[in-house]
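Student: Listed below, chain by chain, are the residues.
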Amino acid sequence: MNQTETFGPIGRRQFLRAGAAFAALAIAPIKLLASMVRPEGAFQATTVEATLAELGMQPVESSDIVLETPNIAENGAVVPVTVTSSIPNTSRIFVMVEKNPNPLAAIFDIPEGTEASVQTRVKVAQTCLLYGLVEADGKLYMTTRETKVTLGGCGG
Amino acid sequence: MAGRIRIRAQKQGEYTEVKALMRHPMETGMRKDAAGEPIPAHFITEVAGKHGEKVVMSAQWGAAVSQNPFLGFRFKGGESGDEVSVSYIDNKGETGSGSTKIR
Amino acid sequence: MTTRKVLIAALAVVVPIASAVADGGVFDEYREMMGDDNPAIFVIEEGEEFWLQELGPKQVSLETCDLGLGPGVVAGAYAQLPRYFADTDQVMDLESRLVHCMVELQGRDPEDVHAKPYSLRGDMGTEIEALAAWIADQSSGVPIAPGQDQPQERAMYDLGEQLFYYRAGPHDFSCATCHGQDGARIRLQALGNLAKHEDAASAYASWPAYRISEGVVRTMGWRMRDCFRQQRLPELIMGSEASVALQMYLAVNAAGAPMSAPGLKR
Numbered sequence: 001m002n003q004t005e006t007f008g009p010i011g012r013r014q015f016l017r018a019g020a021a022f023a024a025l026a027i028a029p030i031k032l033l034a035s036m037v038r039p040e041g042a043f044q045a046t047t048v049e050a051t052l053a054e055l056g057m058q059p060v061e062s063s064d065i066v067l068e069t070p071n072i073a074e075n076g077a078v079v080p081v082t083v084t085s086s087i088p089n090t091s092r093i094f095v096m097v098e099k100n101p102n103p104l105a106a107i108f109d110i111p112e113g114t115e116a117s118v119q120t121r122v123k124v125a126q127t128c129l130l131y132g133l134v135e136a137d138g139k140l141y142m143t144t145r146e147t148k149v150t151l152g153g154c155g156g
Numbered sequence: 001m002a003g004r005i006r007i008r009a010q011k012q013g014e015y016t017e018v019k020a021l022m023r024h025p026m027e028t029g030m031r032k033d034a035a036g037e038p039i040p041a042h043f044i045t046e047v048a049g050k051h052g053e054k055v056v057m058s059a060q061w062g063a064a065v066s067q068n069p070f071l072g073f074r075f076k077g078g079e080s081g082d083e084v085s086v087s088y089i090d091n092k093g094e095t096g097s098g099s100t101k102i103r
Numbered sequence: 001m002t003t004r005k006v007l008i009a010a011l012a013v014v015v016p017i018a019s020a021v022a023d024g025g026v027f028d029e030y031r032e033m034m035g036d037d038n039p040a041i042f043v044i045e046e047g048e049e050f051w052l053q054e055l056g057p058k059q060v061s062l063e064t065c066d067l068g069l070g071p072g073v074v075a076g077a078y079a080q081l082p083r084y085f086a087d088t089d090q091v092m093d094l095e096s097r098l099v100h101c102m103v104e105l106q107g108r109d110p111e112d113v114h115a116k117p118y119s120l121r122g123d124m125g126t127e128i129e130a131l132a133a134w135i136a137d138q139s140s141g142v143p144i145a146p147g148q149d150q151p152q153e154r155a156m157y158d159l160g161e162q163l164f165y166y167r168a169g170p171h172d173f174s175c176a177t178c179h180g181q182d183g184a185r186i187r188l189q190a191l192g193n194l195a196k197h198e199d200a201a202s203a204y205a206s207w208p209a210y211r212i213s214e215g216v217v218r219t220m221g222w223r224m225r226d227c228f229r230q231q232r233l234p235e236l237i238m239g240s241e242a243s244v245a246l247q248m249y250l251a252v253n254a255a256g257a258p259m260s261a262p263g264l265k266r
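Protein chains in written order, with full-length UniProt numbering: chain A, 1 to 156; chain B, 1 to 103; chain C, 1 to 266.
Keep in mind the hints are simulated off the structure, nothing from the lab. Ideal Cβ positions, reconstructed from N, Cα and C, are used throughout, including at glycine. Heads up, a few of these hints could be off.
[What the hints assert, rightly or not] To give an idea of the interface, some chain C residues facing chain A are shown, with a C-beta separation under 7 Å as derived from the structure:
#1 Met34
#2 Tyr118
#3 Leu188
#4 Glu198
[Said to hold, decoys possible] Calculated lysine to aspartate or glutamate pairs in the EDC-like style (CA-CA distance at most 16 Å, straight line):
#5 B:Lys54 <-> A:Glu112
#6 B:Lys54 <-> A:Glu115
#7 B:Lys32 <-> C:Asp123
Bound conformation, chain A alone:
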C-alpha cells in the first residue's frame, strides 16, 4: 500500500505510460504527485467512527470551521459543499457524509498560500449529517451540519 511509483511533471504521454505500467503491474498505485499517500483504509471504512480510527485522529468540535451545505437538497446525487477553516495552519480539509456506504468523500491538502476553503459537490445517499473536518498542527477539528435529501419529482 505504501509502495508508490511516481510520475513527474504531468504530460499526457507520461500518463499513458503510467497507465500501461499500472495495467502490467497492477501493484503500484499511480500518483499525480509524489507527496500524495492515499489512506485507503479510511476511504474503505463504512462508518464515521471507523474512518476516524483509520485516520488515527479524534476530532474536537470547533466553531472556527464553516460548513456550507443546503438545508434541503433537491437531489442527493449532487450536494454542494463548502468547507472554510479559520484555524491557523490548516493543512488538510476532509469531507465526510455520515450515512454513505463509505463516509469519507474527499481530502484536500492546503499548501501555504492557498486559502483554507474548498468547494465541491458530493453524493448524499439519505438525509444525514455532513462532516467538515480540519487538520491543523497535527490536531483534528470538526463541525457538522444536516442536509435533508428529498425524493425527486417524477421518480427519476
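Assemble the complex: chain A is given as a structure, and chains B and C must be docked to it using the hints.
Tutor: Relative to the frame of chain A, chains B and C by itself:
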C-alpha cells in the same frame, strides 16, 4: 470523451479563484446498468491544481464525489495571464487535464 | 388572423419568465449553491464535434444539414422548431430532423439511430443528446418562434393540444392531469401549468437540460417520452408525430420567450 476539465481562474484582490469542472462518470461500483449488470467502480482518486509549476491544491477523492465533479479553491499570488492547470487520475489509471489563463 | 396568432404576436413583445415557482422557494438555497457551473458545457462541445465528424457509409459530416434556416445554419435554428420542411413534407422537431440528415446525408440506417437515442444508466451521453445540447445552445437568447404559418404547422399544434388533454392508460391520465393547473406539485417539485404561457415558457426554454440526477443532458423529446412513461402509456417514439405535436403545443405556448438551454435541472 473523458478527460476534459474546464477551468475558470479569476483574480479577486490578492487571491485567484479557481473553479474547475471535470468530465467524469464517478461510478461508485454499486449501481447496475439497464441490463442489470453491475457498473464497475470508476472514479477520480487524485486531483492536482497548479499555478505554473507550483502545486496550489491537491486532493484525494472517493466515489462519493458527484458525477462530472466540481472543485473550487483560492490561492494567493496569481497574476492576470498566468497559467492555472488542473489534472486528475482515476482508479483505472486514466487521466484528465485542463488549463486556463488567469483573468 | 386567428386568436392564437394574435396571442403569439403579443407575446413576442413581452417576454416574462416565471421566477416564482410553486415549491415556495424551498430549493432556492440549493440552486444558488449550484451556481452556473453546468456540466452541459462538456456535452455542448461533444455535440459540435459530432456535427463535424464524418460518419456513416458516406463518411460525411452533418455540416450541410438544413435545420430550417438553410443548409448548415445552426445559429437560431432550434428556437424556430418544430417547423414544416418542404423536402420531407412533414412538420419536424430537432430529433426527427437530425435523423433525416443522418439518413440522407450520411447514409445511415434510421434503425441504428433509433436503437438508443437517449442515455441509459451509466452512460455519459448519446450522439442525439450531444447534438441537441450544442444546437440548442446556438439559440441561446433567441425568442422561441416555432413555425405556425403553414397549415401543417397549425394542424400539428391542434394535434398537440388534443394529445395534451387526451386521457389514456391504466391511470386514465392526460398531460393536463399534472400540468394543467396552477401551483401544483409532485412531492416538493413544482409542476408547471403548461397550458399557460408563463409556465410553458420557463419549461420549454430550458430544455435540453443537464439532469443532475442522471448526469446527462436530456432532450425535449426525452422529456415528452418520460412523461408518457409516467402516465404508463406506450413508449413515445423519438421524432414521431405524437412527440412532434406535443413539442409544437409547448413551443407555441412558450413563443416569444428567449431560449436559455441547456438548462440545469435536479
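Student: Checking hints one by one. Is Met34 of chain C an interface residue toward chain A, by the C-beta closer than 7 Å rule?
Tutor: The hint holds - Met34 of chain C has a Cβ within 7 Å of chain A, the shortest such distance being about 6 Å.
Student: Within a Cα-Cα threshold of 16 Å, do Lys54 of chain B and Glu112 of chain A meet the stated pairing?
Tutor: Within the cut-off at roughly 11 Å; holds.
Student: Hint check: Lys32 of chain B vs Asp123 of chain C, CA-CA at most 16 Å. Holds or violated?
Tutor: Distance of about 12 Å is within 16 Å: holds.
Student: Should the interface hint for Tyr118 of chain C be scored as holding, given a Cβ-Cβ cut-off of 7 Å against chain A?
Tutor: With a closest approach of 12 Å, the Tyr118 of chain C hint is violated.
Student: Are the Cα atoms of Lys54 of chain B and Glu115 of chain A separated by 16 Å or less?
Tutor: holds (15 Å)
Student: Hey, does the Leu188 of chain C contact hint survive, CB to chain A under 7 Å?
Tutor: holds (5 Å)
Student: When the nearest CB of chain A is found for Glu198 of chain C, is that gap smaller than 7 Å?
Tutor: Where the cut-off is 7 Å and the nearest Cβ of chain A is about 19 Å from Glu198 of chain C, the hint is violated.
Violation of the numbered hints given earlier is confined to hints 2 and 4; the remaining hints are satisfied by the structure.
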